[in-house]
Every structure is written in structure tokens, then in C-alpha cells.
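Visitor: Listed below are the residues making up each chain.
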Amino acid sequence: MSESTFMGVERDRIDWSPRIDFTKCNDCMECVKFCPHQVFEVDENAKPKLKVKNPNNCVVFCRACSKTCGPDAITFPDKAKTTKMIKAIRKAEKEASTNE
Amino acid sequence: MSKSICVLPCNGLDKCAGDLSRRVALQLAQSEEVALICPVLLNQNRSRYEKDLEAGDLTVIDGCNTRCASKLAGDLEIAIKEKVNVSEVAKALNIKLGVEIREDEQTQTVVSAVLEKINSSAADQAASEFIEPESIDYNTFSHGKFIFKVPKANYYFNENDCWVTVSGNIARVGVSDYVQQNLSDILYVDPPEIGQEFEQFDDLGSIESGKAVFEIIAPASGTVVAVNTGLNDAPELVNESPYEKGWLVEVQLTDFAEDQDLLHDCPAYFEFLQRKVAEIDV
Ligand code: SF4
Ligand code: SF4
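If you read the protein sequences in the order shown, they are chains A and B.
Mapping of the first sequence onto the UniProt record's numbering: residues 1 to 100, in sequence order.
Mapping of the second sequence onto the UniProt record's numbering: residues 1 to 282, in sequence order.
Some clues are possibly wrong.
To be verified - Here are the simulated distance ranges between beta carbons:
(1) A88(A) x E50(B): 56 to 66 Å
(2) A257(B) x D43(A): 28 to 38 Å
(3) S31(B) x F22(A): 28 to 38 Å
(4) K91(B) x K87(A): 23 to 33 Å
(5) E33(B) x I89(A): 52 to 62 Å
(6) N26(A) x A234(B): 13 to 23 Å
(7) L115(B) x R90(A): 39 to 49 Å
(8) N99(A) x A268(B): 15 to 25 Å
(9) R275(B) x K87(A): 21 to 31 Å
As the list claims (entries may be wrong) - Counterexamples of contact, computed for chain A against chain B with all Cβ distances above 12 Å:
(10) E30
(11) E41
(12) A46
Worth flagging that the hints you see were computed from the coordinates, not collected in a lab.
By construction, the Cβ of each residue, glycine as well, lies at the ideal position given by its N, Cα and C atoms.
All chains should be built: construct the whole structure from the sequences, respecting the hints.
Guide: Now the structure itself:
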């Protein structure tokens, strides 16, 4: 899945994934149940149990799991900044390809 | 006489948000037309409420984002006509509910706001300026036993499977056939507020089936001018006609030329979707 992209930009160049505030998280695992993209991992023996294992599996601009989080422990990067960055990469790549 | 509205409140009575749900429900139940449904009894034996549910529309009051009451309705496949979330109303008012049950001015404010929201949901909206095209041509492809439709032209998609199409002075937003099939029977559409301004990739309400909740991610920036009220009584239109009758929101676009940079046109989305479906293996 290394060739995964968002609007033509390689996924691993886009910083978008859930950030967990472990001072609020209560280990309910609703987010894990909710997300169909294997973004999270649960390790019963670790502390904290929850881990954002595959951040690049997260669908860019999705924020759905945060709605299932009772204690409001999930946040995301700034959307406007992310959009801007994606546009900038696309523009640079377009220019690079026309300059060849 | 049978009742015309059924109210299903949250059952977290030992916590503040649940207690507020109870207070709202009790106030509503003072009306002759309202039947109160106990989530515990409903879960044990649905048949005792069958009459009420047949005669009336269901309003759900969720205490918090765990949304037990909504989920219960979803599990039992009861269509939700309207719902409110006490914690979200409180958050919008900047009131922290906490866990302790309390009877004070702040909680009273939340109760009133929730009641107001339930009573005023049929907000007025102007007649639509959207000109519906006479017919739309589709491309289709199949994957296993599924067949996916994508219009041939005039629709623009983000990679979150939401579309926008412009006609007249106005645009409509909805979800693609792929979303609709993934969710299967849609039971509830939670529209954004009329007048709400939003940016590209902001949340624009959600749709919900017994299986999951899907957040609408705005394909372009704009202002909400209308919502599809036809979906209140027939959310299944999103399943039956995701690109036409099942549109979700009507919007005045802010800067579509700019937003298009991060959207696919129909042929590009058709290809994108084929790749996605092949990868995920629905
Ligand atoms: S839903 Fe929230 S509280 Fe529950 S495990 Fe996830 S982050 Fe933690
Ligand atoms: S934002 Fe969406 S895709 Fe990302 S982890 Fe949450 S539910 Fe999964």
C-alpha cells in the first residue's frame, strides 16, 4: 500500500491522523471499534493500551472517530494548514513536471 | 388517541448529561402528543411500544457522544426523525457538564436550549434556486455482486466520497453511490444548520445507518442555504437516488474555482473509485 495517495500526493507526505490526549482517554476503545481502516492498535499489556499504529491509513480530512469519543480525547491537525500544504505540493510537482 | 411523537432519552441517569436528557424528556412528555419510551424496556421487549412507534415519529435524546439511545434505535432499525445531543448543545453554549448531577442555572439553560432545538427544527428555508437537470447519465462498473454508479459529467468529488454539483446560482452536496452502498439502509440524516458557513473539508452533518455513521466532508467551501427536507420522512432516498433525490445540502459556494484544485471530475472519480473498491475489497 506504499503507493497510496491523496489527490495525487503521496500519503506519507501528508500529516493527518488522530492525536490522543491520554490524560483524557478512558480506554473505552470506541474509536478502535469505529474506524474501519486499522489506524489504531490495542495492546492489553501496554500503558496506554491504545496506540495510533498506522497514522497513514487514516483517511485525510476524516475526523469521524473523534465523534465517538465520549471524553473528547481525540484531536486532528489544523485542516486549513493541511489543505494549503497539499495544494503547495501539487503545485510544485506540476511545475517540476512542466520544467523538464 | 395515539401519540404522534415518541421520545427515546439517554439512559445514563447517574450522570449529569443523562439526567438532563431525562429532564428534557419529562418536559416533552407533558404534552398529550408525546409518548415516552424507556430505553431499558424497549431493549427488553420492543413490542410493548410497537403501537406508539407506528403512530409517531421518533425523537432521540442522546446524553453524550457514546450515543447509546441512537445506537439502540439503530440496532432495532427504528427510523429516527429527529435527534439532539445534550453534551453538544452544552458545548455550543460553553457549559461544562461534568459528571455530577446538579440542578442549577447552567443545567437549566442547557435543558431550555435542547427543548428549543427540538421545537424549532423545522426552520424556514427559501424556495430552491437549484435547477434540476432533466436526466443524468451514469457510468457503472461492478465489483463482485455490487454495481457502482458515477454520473458522466457535472459532478465534482473529493476523495472522501462526497460530491458537489452546480446548477443555476446554487450548488448541491451529497454522497456517492459507494457511501450509500457501504452504509446500507440509511435511517437518519443529521443536516447542518441553515446559514452555517463552512470551508472545504469541514464537517457538513452526517448520515447514519444501523451499521455506521458517515460524516459528510464538504467538497467545497460555502454557506448552507437549504437542506433536503424530503429526507426527514424518507432517508432511504439517499440509498435509492444518491446523486439526485437524495441530495443533502444546498449551498452558496465561496470560491469553487479554487476548491476544484482538490476535487476529481466525474471520469477521474470513476477511476479513483474503481481503484478504491478493488483495494478495499468490499
Ligand atoms: S474513544 Fe476516546 S476515550 Fe475511548 S479509547 Fe478512543 S481516545 Fe480513548
Ligand atoms: S479519522 Fe477516520 S480514518 Fe482516521 S482514525 Fe478516525 S475514523 Fe479512522
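Visitor: If a hint holds in the structure, say so; if it doesn't, say that too.
Guide: Right, here's what the structure says about each hint:
no., hint, in the structure
1, A88(A) x E50(B): 56 to 66 Å, "holds (58 Å)"
2, A257(B) x D43(A): 28 to 38 Å, "violated (47 Å)"
3, S31(B) x F22(A): 28 to 38 Å, "violated (45 Å)"
4, K91(B) x K87(A): 23 to 33 Å, "holds (31 Å)"
5, E33(B) x I89(A): 52 to 62 Å, "holds (57 Å)"
6, N26(A) x A234(B): 13 to 23 Å, "violated (38 Å)"
7, L115(B) x R90(A): 39 to 49 Å, "holds (48 Å)"
8, N99(A) x A268(B): 15 to 25 Å, "holds (24 Å)"
9, R275(B) x K87(A): 21 to 31 Å, "holds (22 Å)"
10, E30, "violated (7 Å)"
11, E41, "holds (19 Å)"
12, A46, "holds (24 Å)"
In this structure, the hints that do not hold are numbers 2, 3, 6 and 10, in rising order.
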